[in-house]
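If you want the building blocks of each chain, they are given just below.
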Amino acid sequence: MFAFAVRRLLVSIPVFLLSTLLVFLLVAYGANPLAQLKAKNPPPSQATLDAMAHTLYLDHGLLARYWHWLTQLLFHGDWGPSVQSATDIGHLLRSSLTLTLRLVLLAMVVAVILAIVAGVISAVRQYSKLDYGITLGGFLFLSLPVFWFAILLKQLAINFNNSTGNYFLQTYGSGTPGLTGWSAFTDALGHLILPTVVLAMSSYASWSRFQRASMLDVLGSDYLRLARAKGLRRGRVMIRHGLRTALIPLTTQVALDVAAILGGAVLTETVFGWRGMGTMLINGINSQDTNIILAWLVVSAVIVILFNLVADLLYAVLDPRIRLA
Amino acid sequence: MNGTPRFSSTPTPSSAVGQPVLAVQKLTVDFPTPDGVVQAVRGVSYQLAPGEVLGIVGESGSGKSVTSLAVMGLLPRTARVSGSVRFRGQELIGLSDKQLAAVRGRKIAMIFQDPMTSLNPVYKIGYQLAEAVLAHNDVGRDAARRRAVELLELVGIPFPEKRIDQYPHEFSGGMRQRVVIAIAMANDPDVIIADEPTTALDVTVQAQVLESLRAAQAETGAAMVLITHDLGVVAGQADRVLVMYAGKPVEIGLVDDIYHAPQMPYTLGLLGSLPRLDVRSRNRLTPIQGAPPSLMNLPPGCPFTPRCPLAQSLCEAREPDLLPVAGESHFAACHYSERLRGHPDPAELFAQTADDTHLPVEFGARRAAEAGPAPSDVATMEGALDRGDAEDGEEEIL
Amino acid sequence: MPELTAAPPAQAPRQGPDREFTVEARSQTRLIARRFVQHRLAVASLVVLVLVVLLAYVGGALWKYGYSDITPDNSVPPSSDHPFGTDNLGYDEFARVLRGTQLSLQIALSVALMATLVGTVWGAVAGYYRGWSDSLMMRVVDLILTIPILAAGALLTKKVQGVGWWALALVIAGLSWPAVSRIVRGQALSLREKEYIEAARALGARDGRIIARHLLPNIAGQIIVVVTILVASAILIESSLSYLGFGVQSPDVSLGSLISGSDTALQGGRWWLFYFPGLFIILICLSVNFIGDGLRDAFDPTQQRVRA
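Protein chains in written order, with my numbering: chain A, 1 to 325; chain B, 326 to 723; chain C, 724 to 1031.
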């Protein structure tokens, strides 16, 4: 088992390095860091442009730039200069990442729990009214644009707050500055609820359908029937033999969807005005700030690869057949 | 309750010795489907005496598996079951899941067809065995584990103390089936239902699994219902045989009676399509023409009529009842069973309806002349079982 | 799927061993169509989708206002003259929603077709050949999939801003095909072990022919379902990108860009600018999803199996 984990970890490293290359090429093609400077009025002098180009290491070839950027990052922890000279990317990244991780992790936990419950109920009570209701609800959330749902919830919360005078549910920003201790916690929670609900719902929709299908598969299996033939009660069979085995594919599915969740977080943060990774990315793209965009993409790649690694290990823990591989 | 845990069943009071351990009466199972109602089982009745082995034989679609699943209460919720199934006088149809769970695995145990999917892949073998024990006995984990090792030994799995901590995927098909048999006998049941236990296995492995079944029966003293489509398996194991066709029993009797003097054309046809070297110079196998009928919208009359060489207009009009034909234990459902008295040759009887005219009639005789004497260790299932060819302890063959 | 073949009922043998085969022949397509029709929700969704398409194109062409026409009525709630109201500049919302629907549908359909084409070929080849070529091809897929589609999409659509809606479709398709290839590869892997593939190879068929004539037709059902999923996801991605300001640019409109400024409108009580575009997105996605579900069941019905 340990050997398996080590092997998977080692394989992740070249994957990470390759993704940095891919991401670098993508940004090099997609973004022009001098655009914002050039668009200034009055237009800057050639000398200014050259100076900026030099700071951004643009006066070298593509691969040289990649190497420079990569080595600076890996060996010095330096994310490179921003187009806005005052911005320290590393600092910006740290504050943005804490906020986004808070949101993403909570949303994933909520979505997984809800999806398992809904999927199991749907499967066990297949074709009942409850099943149809849950399935229809799932379809609805699958078809709902994240940003539209976010705006809707925001407005509903504003109406609710105005009518009840209770302002626990916050609709803008990630927190009120200047608070400490318990009040800081409840304040953060109030700001967290709506964005979490929005982000969780879209993942919940697809995972619950997946879990339902997986559970149905297991419910029709021979070993489940043997467990009942042994004289075990239905409930115990369902959980010990049914759910335990049906959960295994979900781990892979959740890992596969991490990238999509990070995308959803971008939308959610935009609507709710959070200064997280999403806003950082949008601003970066709008100002064509290559190093910021690169920083976002690298961090998101690390998160995705990490989640895939964890999912693989979890899968091996849950399914003994994999451990030999 | 001190001392060693008791895994034996409650002893049978002497007054009840003659009582059948399982009595199935007019069992009917229907499955409503979007295309119509499938009548999978259309009135099965049989009785199982303590300790006896009843073989249920039939093609796919004859209803033999569904019958047993109905006895265990393991049919899907859509199934409509009627009739009566009595275990030692206790009616099982209509019991709640909680009540049935007390019977399953404890009084009546079941073995399923495909050993590759019968065991949960994520739990160790020892866990799955102990689970069966712990479901019906209030004992500690250690006692259950000891019992699990004991069970593995009984079914002939070598190194049980090591094997008990392994996972199903580390076992071969034959050994997995033996584990399933061990699970079935864990609580000393009175009835073991084996649903096609050897169908998914190679011939060499079949013998070993059947050996384990015999051991299970000997150890528990249980009566056994052995469902199969393989007549060779039945011949070696069963005391009585029930032949099913299109959801109904068409013949029932002692093994010897059925095999030497079948009174129903279907049974005769089945025997005739079995390759046997102990019967001289057969030209070729005579299959039964056609296919089993669809269990939806069955026409009136005997369902075997379209394939039966003895069919007359009466057969199309009225379905024959299961009536005694010879002795008190031999029943057959055929209007014309007297025509089968005098041991007719299945090849002759079924050759009339066979239209397989491409092979020359002397094919068998010519081949026999070319090949010389038949090799002596090419055997039928029966022969292999009789000689006890199975070798134990050789895991690689499995 | 079992193919029931026999003589038509009039000639079915009434006597003899073969009298069982009295069911009429049904082609596979008819079986699938029949199963699909049994899904009332899927059929209703198909009707709704057709209506929306007609409304968008025919209605959009016939409507008195164009999507860039400025009317003198500013911020007017829905009325008989402006069924969806107007925005603060006097644009007729109904015309804009219809135009947005047109664009969204065009982009989504193009994405679905392009991504399915590339993804299917990639996945089928990878799954069929296995070995190191499969590993290599799927590593590429995995690599592309580590990048969130929205992020890469935002970056690339910013670059191709103003080129046209087809460039937008190209970008989204380029990011969507890897998911398709994964699904197709999975199917190809399981099907290549089937006996008819082996038989074809034994008969000397070349690989390309086997893939085209034996593998793909059997995955066709799954592929069609994937197409519907892609349409729905493409609409959501495109509207998300447009909402963020990266997709469809003014003066052209997309359902996403219409929602873009509308949260302030909603707060200000001008609800019609928020609900109508959103409703259309939801309606299209919902119908496409239901149709896809119906198709999935039609191609591979999972009924309770009864084993005798």
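Note that these hints are calculated values from the structure, not bench results.
Errors might be hidden in some of the hints.
To be verified - Simulated crosslink set (SDA-like; lysine to any residue; CA at most 20 Å straight-line):
no. : chain 1 : residue 1 : chain 2 : residue 2
1   : C       : Lys882    : A       : Ala35
2   : C       : Lys882    : C       : Gly897
3   : C       : Lys882    : A       : Val117
4   : B       : Lys449    : B       : Leu425
5   : C       : Lys882    : A       : Leu22
6   : A       : Lys40     : A       : Leu22
7   : C       : Lys881    : A       : Lys129
8   : C       : Lys881    : A       : Val117
Each hint, compared with the structure:
no., hint, verdict
1, C:Lys882 x A:Ala35, "holds, 11 Å"
2, C:Lys882 x C:Gly897, "holds, 14 Å"
3, C:Lys882 x A:Val117, "violated, 43 Å"
4, B:Lys449 x B:Leu425, "violated, 26 Å"
5, C:Lys882 x A:Leu22, "holds, 17 Å"
6, A:Lys40 x A:Leu22, "violated, 31 Å"
7, C:Lys881 x A:Lys129, "violated, 46 Å"
8, C:Lys881 x A:Val117, "violated, 41 Å"
The structure does not agree with the numbered hints 3, 4, 6, 7 and 8 stated previously, though it agrees with the rest.
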